[in-house]
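Start from the sequences and build out the full structure, keeping to the hints where you can.
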Amino acid sequence: MLPIPAEELNGSGTLGPYWTFYRAVAAEQLSRWLPESPSTVLDLSGGRGRWSAQAARAGHRVLEVVDFRRTVEGQALHDASKVRQVRADDLRFLPDESMDAVLAEERAMSVELMAESAMDDVARVLRPGGRALVCVDSLVLGMAILAEQNYWAHLRQTDEVMLVPWPDGSITRCFSSGQLRELLTGAGLEVEWIRPRTVLSPSTVDHVLASDSRALTWLVNTELEAHPDDDDTVGIHLVASARRV
Numbered sequence: 466m467l468p469i470p471a472e473e474l475n476g477s478g479t480l481g482p483y484w485t486f487y488r489a490v491a492a493e494q495l496s497r498w499l500p501e502s503p504s505t506v507l508d509l510s511g512g513r514g515r516w517s518a519q520a521a522r523a524g525h526r527v528l529e530v531v532d533f534r535r536t537v538e539g540q541a542l543h544d545a546s547k548v549r550q551v552r553a554d555d556l557r558f559l560p561d562e563s564m565d566a567v568l569a570e571e572r573a574m575s576v577e578l579m580a581e582s583a584m585d586d587v588a589r590v591l592r593p594g595g596r597a598l599v600c601v602d603s604l605v606l607g608m609a610i611l612a613e614q615n616y617w618a619h620l621r622q623t624d625e626v627m628l629v630p631w632p633d634g635s636i637t638r639c640f641s642s643g644q645l646r647e648l649l650t651g652a653g654l655e656v657e658w659i660r661p662r663t664v665l666s667p668s669t670v671d672h673v674l675a676s677d678s679r680a681l682t683w684l685v686n687t688e689l690e691a692h693p694d695d696d697d698t699v700g701i702h703l704v705a706s707a708r709r710v
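Position one of the sequence shown corresponds to residue 466 (my numbering), numbered consecutively onward.
It cannot be assumed that every hint is accurate.
Between beta-carbon pairs, the in silico distance windows are [said to hold, decoys possible]:
(1) Ser502 / Pro560: 30 to 38 Å
(2) Arg513 / Leu689: 17 to 25 Å
(3) Pro593 / Gly524: 50 to 58 Å
(4) Ala680 / Glu581: 37 to 45 Å
(5) Ala675 / Ser502: 38 to 46 Å
(6) Trp683 / Trp658: 17 to 25 Å
(7) Pro632 / Thr485: 23 to 31 Å
(8) Thr669 / Ser563: 40 to 48 Å
(9) Ser668 / Ala612: 30 to 38 Å
(10) Glu625 / Gly524: 40 to 48 Å
Result set (SDA-like, lysine to any residue): computed pairs, CA atoms no more than 25 Å apart in a straight line [unchecked claim]:
(11) Lys547 / Ala489
(12) Lys547 / Glu493
(13) Lys547 / Asp565
(14) Lys547 / Leu528
(15) Lys547 / Arg497
(16) Lys547 / Gln614
(17) Lys547 / Leu499
(18) Lys547 / Leu604
(19) Lys547 / Leu578
(20) Lys547 / Pro482
(21) Lys547 / Ala612
(22) Lys547 / Pro560
(23) Lys547 / Arg513
(24) Lys547 / Ser635
(25) Lys547 / Leu611
(26) Lys547 / Met608
(27) Lys547 / Ser582
(28) Lys547 / Phe558
(29) Lys547 / Pro500
(30) Lys547 / Arg708
(31) Lys547 / Glu581
Since the hints were derived computationally from the structure, they do not count as laboratory data. None of these values were measured; they are calculated from a predicted model. Even glycine gets a Cβ: it sits at the ideal position worked out from N, Cα and C.
Next up, the structure:
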C-alpha cells in the first residue's frame, strides 16, 4: 500500500492538511539546524528560493545555485541583500573550504543520480566544522512508486542502488538509511543524525487538524521531538545532518 497516493507525492493533490504540516516540519527543522551566528550558506535545493529566503531571514548570507544538476525553466537570476543566485551544474567555481553550511533540500541528491560526485563537491567546499543538511527519497517511496506501476519483480530490499522511474519520465534515486550514511561518510563527512522527515501519517495529521486547526504547532513539535534515528521503514523522505571534521 502506498504511504501517500502517487498523485499526492508532489504536494499538489487533496492532502492539503498533511502538506501544510510537512512544510511546517521542514521549516522548523531548518530553523533549528541553521548556525546560530551569521554564516555563509550554500543552497543546492533547486532554485525555488524557499530555503534561501528562510536562511537569509535568519541572518545568513546565502549563495543559491539555481541549476545544480537540473534545469529550472525560465527563471531569471537575481541578487538580493543576503541572497545571491548563480547558475551552475557543479561547484567547480567555488574554492575549497568556502562555506559554513550546505542545504541540499528538495530531494537534491535523489534527483542527482551521481550523488557520490555531488556529495564530494559538498564536502570540498565545506569549512572544517561546517555542516550539510540533505533530503533524499526513501526506499519506502521507491517501492511504493514501483508497486503503483506494477513493477513487482523489482520490489525487494537489496544493497544495490534503487533507481525508480516516475510516471512523468523522470528518475529518482531512493536511499535506505544505511545507503544515505554511506553516501555521507564516503565523502568524508561525519553523520550527526538520519531520520524520516515525518513519521506521523497523513490520516493522523488530518484527524488532529480537523479537530483543532490550532494544533499545527503541537503536531510539528511532536514530530521533531520523536527520535526515529536511522528508521527507514516509514516516511517518503529521509533527512540527514552531517559535519565536516
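To see whether the hints hold, each was checked on the structure:
Checked against the hint of 30 to 38 Å, the pair Ser502 and Pro560 fails, with Cβ atoms roughly 21 Å apart. For the hinted restraint 17 to 25 Å between Arg513 and Leu689, the CB-CB distance of approximately 23 Å keeps it satisfied. Checked against the hint of 50 to 58 Å, the C-beta distance between Pro593 and Gly524 comes to roughly 22 Å, which is inconsistent with it. The hinted range of 37 to 45 Å is satisfied by Ala680 and Glu581, whose Cβ atoms lie roughly 41 Å apart.
With their beta carbons about 41 Å apart, Ala675 and Ser502 fall inside the hinted range of 38 to 46 Å. Roughly 23 Å separates the CB atoms of Trp683 and Trp658, a value that falls within the hinted 17 to 25 Å. Taken as a hint, the range 23 to 31 Å holds for the pair Pro632 and Thr485, whose Cβ atoms sit roughly 25 Å apart. The hinted window of 40 to 48 Å between Thr669 and Ser563 holds, with their beta carbons roughly 43 Å apart.
The given range of 30 to 38 Å is broken by Ser668 and Ala612, whose C-beta atoms sit roughly 19 Å from each other. One distance hint, 40 to 48 Å for the beta-carbon pair Glu625 and Gly524, holds here, with the actual separation near 43 Å. Taken as a hint, the Lys547 and Ala489 pair is honoured in the structure, with Cα atoms around 23 Å apart against an allowance of 25 Å. Distance check on the hinted pair: Lys547 and Glu493 sit about 20 Å apart at the alpha-carbon level, within 25 Å; holds.
Our distance criterion of 25 Å between C-alpha atoms is met by Lys547 and Asp565, whose separation comes to about 15 Å. For the hint linking Lys547 to Leu528, the alpha-carbon distance of about 8 Å falls within 25 Å, and the restraint holds. Taken as a hint, the Lys547 and Arg497 pair is honoured in the structure, with Cα atoms around 20 Å apart against an allowance of 25 Å. A hinted pair counts as satisfied when its Cα atoms are at most 25 Å apart, and Lys547 with Gln614 does not qualify at roughly 44 Å.
Proposed proximity of Lys547 and Leu499 is supported: the alpha carbons are some 15 Å apart, at most 25 Å. Between Lys547 and Leu604 the CA atoms are separated by roughly 36 Å; this puts the pair beyond 25 Å, and the hint is violated. Of the pairs offered as hints, the one joining Lys547 and Leu578 is violated, with about 31 Å between alpha carbons and a cut-off of 25 Å exceeded. About 32 Å separates the Cα atoms of Lys547 and Pro482, which puts this hinted pair outside 25 Å; it is violated.
The suggested pairing of Lys547 with Ala612 is violated, with an alpha-carbon distance near 44 Å, which exceeds 25 Å. Annotation: proposed proximity of Lys547 to Pro560 holds, straight-line Cα distance about 20 Å (limit 25 Å). A C-alpha spacing of about 16 Å is found between Lys547 and Arg513, which places the hinted pair at or below 25 Å, so the restraint holds. Between Lys547 and Ser635, the direct Cα distance comes to roughly 33 Å. Violation of the 25 Å bound is thereby established for this hinted pair.
In summary, the hint linking Lys547 to Leu611 is not supported, as the alpha carbons are separated by about 42 Å, beyond the 25 Å threshold. Between Lys547 and Met608 the CA atoms are separated by roughly 40 Å; this puts the pair beyond 25 Å, and the hint is violated. Of the pairs offered as hints, the one joining Lys547 and Ser582 is violated, with about 28 Å between alpha carbons and a cut-off of 25 Å exceeded. With a CA separation close to 19 Å, the supplied pair Lys547 and Phe558 stays within the 25 Å bound.
About 15 Å separates the Cα atoms of Lys547 and Pro500, which keeps this hinted pair within 25 Å; it holds. The hinted pair formed by Lys547 and Arg708 meets the criterion: a straight-line CA distance of about 24 Å does not exceed 25 Å. For the proposed pair Lys547 and Glu581, the alpha carbon gap of about 30 Å is over 25 Å, so the pair is violated.
Violated hints for the displayed structure, listed by number in ascending order: 1, 3, 9, 16, 18, 19, 20, 21, 24, 25, 26, 27, 31.
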